[in-house]
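Colleague: Chain B is fixed; fit chain Y onto it per the hints.
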Amino acid sequence: MLVKVKVSALRDTHWHEYALRFGLGGLATVCTGLVAEAFGPATGGLFLAFPAIFCASATLIEKHERHRKKKAGLPGKRRGQQAAALDAIGAAIGSFGLLAFAAVMWTLPGRIGPLPAFIAAGLFWILASVCLWWGWRHVRRSSV
Amino acid sequence: MAMTEYVIRFLAGGIVVSLFSVVGDVLRPKSFAGLFGAAPSIALVTLALTICAKGLDDATMEARSMMFGSVALCFYSFGVCHLTGQRRVAALLATAMMLPLWLGCAFALKRLLSGGA
Chain B
1 MLVKVKVSAL
11 RDTHWHEYAL
21 RFGLGGLATV
31 CTGLVAEAFG
41 PATGGLFLAF
51 PAIFCASATL
61 IEKHERHRKK
71 KAGLPGKRRG
81 QQAAALDAIG
91 AAIGSFGLLA
101 FAAVMWTLPG
111 RIGPLPAFIA
121 AGLFWILASV
131 CLWWGWRHVR
141 RSSV
Chain Y
145 MAMTEYVIRF
155 LAGGIVVSLF
165 SVVGDVLRPK
175 SFAGLFGAAP
185 SIALVTLALT
195 ICAKGLDDAT
205 MEARSMMFGS
215 VALCFYSFGV
225 CHLTGQRRVA
235 ALLATAMMLP
245 LWLGCAFALK
255 RLLSGGA
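Chains as they are written, first to last, in our numbering: chain B, 1 to 144; chain Y, 145 to 261.
It is possible that part of the hints are untrue.
What the hints assert, rightly or not - Derived DSSO-like pairs: lysine-lysine, alpha-carbon spacing no greater than 30 Å straight-line:
hint, chain 1, residue 1, chain 2, residue 2
1, B, LYS4, Y, LYS174
2, B, LYS63, Y, LYS174
3, B, LYS6, B, LYS77
4, B, LYS69, Y, LYS174
5, B, LYS70, Y, LYS174
Derived from the structure by calculation, the hints contain no laboratory data.
In isolation and in its complexed conformation, chain B is listed as follows (with noise of 0.2 Å):
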C-alpha cells in the first residue's frame, strides 16, 4: 500500500510533546495576530506559513526513531536523522499546497464567500500535497 495510517504510533508520543505541541501552536497564532497588529497584515500574513511548530516536530521524529532502533540494539542515532530528513522533504512538498491554500483565500473569499472559499482552498491544499507528493515518490523510484 502506498500509504498506511498505523494508530499504535501515537503510544509512542508522551502527553507531555501533545502539550507542547498544543502550546507551541497556540502561542505561534497569538503572534501571529500580534504581528498583523503591529505592522499590518501584508507583514501578519508572512507568519501563517511560518515554521512554528517544525522545529517541535521534526525533533520529535529524530527522538522516536532513535529510541525505536535503540530497543532493537542498533544505534539510531543517523537512522534519526534520515527520519527527520524525510519528514522535511514532506513538508517542501507540503508547502507548494499552502501556496494553493494561500492562493485560494486570497481570489475566492470576495466572490463565493469566505465558507466556501475556505472549503475550496483546503480541498486545494490537500490535493496539491498529494498529486505533487505521489508525482515525487514516481520520480524517486524510477530514478532508482
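Modeller: Using the frame of chain B, we list chain Y on its own:
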C-alpha cells in the same frame, strides 16, 4: 486585541495545530506524513478570526502575503532536509539554523513582489 481574543487565538491555534500533528503522527511513509508539517493550521484560525474581526479585505491581504511565506517555507524545508540528511546535523539545530533563511526569503519576496506594501 482584547484578552478574550488572545485566549481564543491560543486555544483554537493549539487545537488545530495538535490535530494536524496527530494526523501526521499516524501516517506512513514519513515523507507523506511530512505534508502535514506544512498544513494550514495557523492560517485556518488566523484567517477565520481576521474575517470575523476585520473583514475580507484584511484577510485577503494576509492570504496574499501567506503565498510568500509558503515559498519561503519550501526553501526552509529543503534546507532542513539537506542539513539533516546530507550534513548529519541534529534536527533541532538544523531547524533553528534555517529560521533566518525563512525570514530573509519571506521578507525579500514580499518586498520584491508587492513593492514592500
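Colleague: Determine for every hint whether it applies to the structure shown.
Modeller: Each hint, compared with the structure:
1. With a CA separation close to 10 Å, the supplied pair B:LYS4 and Y:LYS174 stays within the 30 Å bound.
2. Using a Cα cut-off of 30 Å, the hinted pair B:LYS63 and Y:LYS174 holds, with the two alpha carbons roughly 14 Å apart.
3. Taking the CA atoms of B:LYS6 and B:LYS77, the gap is about 23 Å. The hint holds against a cut of 30 Å.
4. Restraint check: the Cα-Cα separation between B:LYS69 and Y:LYS174 comes to about 16 Å, which is no more than 30 Å; the hinted pair holds.
5. In summary, the hint linking B:LYS70 to Y:LYS174 is supported, as the alpha carbons are separated by about 19 Å, within the 30 Å threshold.
The structure meets every hint from the earlier list without exception.
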